[in-house]
Amino acid sequence: MTDKNGFFDLSKSGFTRRTALKGLAAGAGLAVAPGFVRYAQAQSSAPIKIGFQSHRTGIGAAYGRWYEKTTAAAIKAINAAGGINGRQVEVIIEDDGTDPGRGAEVVGKFATQHKTDIVFGTLFSHVVIGSAPAAGEAKMPYFVVSEGHHVASTKLNRYVFQPGITDVKSQIQSMAPWIAANAGKKVTQIFPDFAFGYDHRDYLPPALKAQGAEVIAQIAIPPTESSFTKYFPQIPAETEVIYHVMVGPAVLTFVKELGEFYGSNRPQLFGFIDSLEAVDINSPGLEFLDGSHFWEGSPRYAQADDTEAQKAYRAAVGIDDNGAAVGDPKDVSTAAHMFGCWETLYVVKKAMEDAGYKGPEDRAKLVEATEALKEFAEGPEHPQGAKTFNGKIHQCFGIQNISKVEGGKLKVVHKTKIEDGLYEAEGDYTTQAL
Amino acid sequence: MVLLPPPAFAHASDRGHVLLLPTGYYLIGGAFAVAISFLVLALLPPDPLGRFWRRRLPLFTFNDSARTIVSLISFAGFAILITAGLFGSRDPLSNPLPLVIWTLLWAGLTLLQGVFGDLWSWLNPWYGPWRLLSRLTGRGDVGAWRLPQWLGCWPAVVLFFAFAWFELIDPAPDDPARLAFAAGLYWLFTLIAMLLFGYDKWSRSGEFLTMFFSMVARFAPVGRDEQGRLGLCWPGAKLLAAEPLPASGIAFLLLALSSVSFDGLSKTFFWLGLFGINPLEFPGRTAVIGSGSLGLVLTFVLLAGAFLLAVLLGQRLAGSDRPLAQAAGLLVWSIVPIALAYHVAHYLTALLVDGQYALASLSDPLALGWNLLGTADMQVEAGIVAGAGSAWWLWNIQAGAIISGHVLAVLVAHGFAWRLHPQPARAALSQFPLTVLMIAYTIFGLWLLATPTVG
Chain S
1 MTDKNGFFDL SKSGFTRRTA LKGLAAGAGL AVAPGFVRYA QAQSSAPIKI
51 GFQSHRTGIG AAYGRWYEKT TAAAIKAINA AGGINGRQVE VIIEDDGTDP
101 GRGAEVVGKF ATQHKTDIVF GTLFSHVVIG SAPAAGEAKM PYFVVSEGHH
151 VASTKLNRYV FQPGITDVKS QIQSMAPWIA ANAGKKVTQI FPDFAFGYDH
201 RDYLPPALKA QGAEVIAQIA IPPTESSFTK YFPQIPAETE VIYHVMVGPA
251 VLTFVKELGE FYGSNRPQLF GFIDSLEAVD INSPGLEFLD GSHFWEGSPR
301 YAQADDTEAQ KAYRAAVGID DNGAAVGDPK DVSTAAHMFG CWETLYVVKK
351 AMEDAGYKGP EDRAKLVEAT EALKEFAEGP EHPQGAKTFN GKIHQCFGIQ
401 NISKVEGGKL KVVHKTKIED GLYEAEGDYT TQAL
Chain R
435 MVLLPPPAFA HASDRGHVLL LPTGYYLIGG AFAVAISFLV LALLPPDPLG
485 RFWRRRLPLF TFNDSARTIV SLISFAGFAI LITAGLFGSR DPLSNPLPLV
535 IWTLLWAGLT LLQGVFGDLW SWLNPWYGPW RLLSRLTGRG DVGAWRLPQW
585 LGCWPAVVLF FAFAWFELID PAPDDPARLA FAAGLYWLFT LIAMLLFGYD
635 KWSRSGEFLT MFFSMVARFA PVGRDEQGRL GLCWPGAKLL AAEPLPASGI
685 AFLLLALSSV SFDGLSKTFF WLGLFGINPL EFPGRTAVIG SGSLGLVLTF
735 VLLAGAFLLA VLLGQRLAGS DRPLAQAAGL LVWSIVPIAL AYHVAHYLTA
785 LLVDGQYALA SLSDPLALGW NLLGTADMQV EAGIVAGAGS AWWLWNIQAG
835 AIISGHVLAV LVAHGFAWRL HPQPARAALS QFPLTVLMIA YTIFGLWLLA
885 TPTVG
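Line by line, the protein sequences are chains S and R.
In this text, residue positions in the first sequence follow this note's numbering: the first is 1, and each later residue adds one.
In this text, residue positions in the second sequence follow this note's numbering: the first is 435, and each later residue adds one.
Please keep in mind that the hints were generated in silico from the structure rather than gathered at the bench.
Built from N, CA and C at the ideal position, the CB exists for glycine as well.
Be careful, since some hints might not be right.
Partial selection, computed: residues in chain R whose CB lies under 8 Å from chain S [said to hold, decoys possible]:
1) PRO605
2) SER727
3) ALA822
From just these sequences and the hints, can you work out the full model?
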């Protein structure tokens, strides 16, 4: 089901979101979709079952919705092209409520009740950390799309992989060369006073130092704060760059108040789009961000030099040029992260094919086959860009985008190199028993 | 393991847009609106207003002949939903059971009851099966057993609390199978209770949904009298004809309001801060079962205490020697418009988005690839509640609902006050403490919608 350029063309497939992704009874549903008939006849084996640990409810629901859409699109494309090892792929969604306790239960359900081949798709780090022991215990390959450093830290276990999105340590580190060369040498960091902020607090200073720049102040803001004016006088006057990674509902207030504090004469601003993922960049209160820069995993807005693969991916997932749902322009996607679901599923496909994967009895082989992967070429399966994979720490490394807010859009002005984000491995999962 | 840095993605949700709105003015304005309603009512002569408010427009009469069949159809639908819950999709946004129960029934039907009157008395999945079974066994309308008088509707209070706990505190009330068990068992339990104690009796003392829905329906501008005649009236006017509720009924209505209030409160940064929980890294429902259970009880106790105190003070101020129970039993009906307003404000966004998921799921209830209603592949437009523009509209609708609900509550309470105290001056005096409570609750309700929350 590819067009003349070799890209997935789903418009003619007859597959729908539901037929690709409908939970427990998906196999039955697929059989009645018109495009499926020939595959149904071509092979008789049962579908490969992927347990999707999904943030359908709870604080992750806005991300969960887009992870679900991206996953549905990827599965649709994979099935339309013949599935994995000639077998169709069925996704079973279980809601984890964005709750670590519930997450572990859900992994258990996938292992014992649904008997899925793998578990996939978790975003929130505390859910990953809460669920990983259950996955290890059940010897269930667990492919997360969380960007946390927890997988690469090698403090989880051999069954946990993050092959579709770069971890936050690598992201932060790879921002340093551009910041030092283009934004300024004296950086003040403003971050929320909890683990999310601590990643930035801890990883940025050494990376900047290596580039001849320095962090001159670190301002930690209590997570429950909803007004920020009183913190701004702590920003040193000689600050050339404010590096901000605020998250939560008060982000808009933060930006607005920062704008009121500085007026038109401000230092350079650099942030992570995590702050404003799924939020319209043109929302009232965000005017101050015009001309500032953001990290983006995958660009929200369509770019002039987008590859054919990127265009095909965006069309398949259903996002328009502004990164919002096609037909629903106010529904802004979580574009910077959700590509990871698409790419992870293609890694799973590749690893299952390499392992000659037949069923749950081959899970250990799947783990080893995944660990043996080295790199993923940019293309329809990896539209965000090329990646390398370190099988010892179960983590991929990829390029990052630095985008400038310009004319109400995010325009990519720099793409980092994979090498910018590499760091010394902190351990080796392959030494653990399977 | 705990030392690992767990990045969180706390979403800059649509509450972020509300934080930029001048919500403080709404809080002040809402408080004034309620206070001024009280003053106006205190100065108005009760009789003309009462006559005006009691005006009715009779429409037409219809009998109950179709009620059994409607309820049986509803029961069949319920049975399909339970089947879907057990065997359909595991995704709570694709499986129709959680969407119908939580979104269409609990959030949606409550509002319909408040507008169109007691639809539930026809739609509930018990009446039809009960009628068939009681005819077959020849028992007629009265059950074999009698509920003791002192029990009042305490069973409904207990069951409503269990329901609220399941909705608000249980780790996974949306899980289709879990909900199918809970709803299926409750249906069976209720049917047995109705066969044992009689349909009417159990509906008035034990079946909490019927209790809640019929109370809400008393607010509706549409109603049907004993003779089966449909008519129009002013919103809330039917409440004035209500009899005093017993202690259990007072507790029931206050619990209905306090549980929805707590749902709002439990998500605020303020509440989570009390328990040292970082809202940007919310640890999930399994981590807050203890504080949630405590909060659910505490909100009820505080509301009940404040309400009874306000009524007691009012009675004292008016120099009335009527028993507190009678005054509280009547005045508690004024909670109905507030409970409805909270319901509108609280569930509005869920209704707008999950309502779409519900519509899609009903086309393919068992995840078999069906498209019964042609909605199976509809695009769910989450953007309907996203962005600054939507936030402005939603906030105004929500704030409008909260303020009008309280103004109507003041009006209803005044109607009862005139009944309790024939002298207008005393009636007004008796309402002073309750009005203060309502002003406070207006501010609280608006604050819940304006303050930072998780999710």
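Looking back at the hints listed earlier, which ones does the structure fail to meet?
Violated hint: only 2; rest satisfied.
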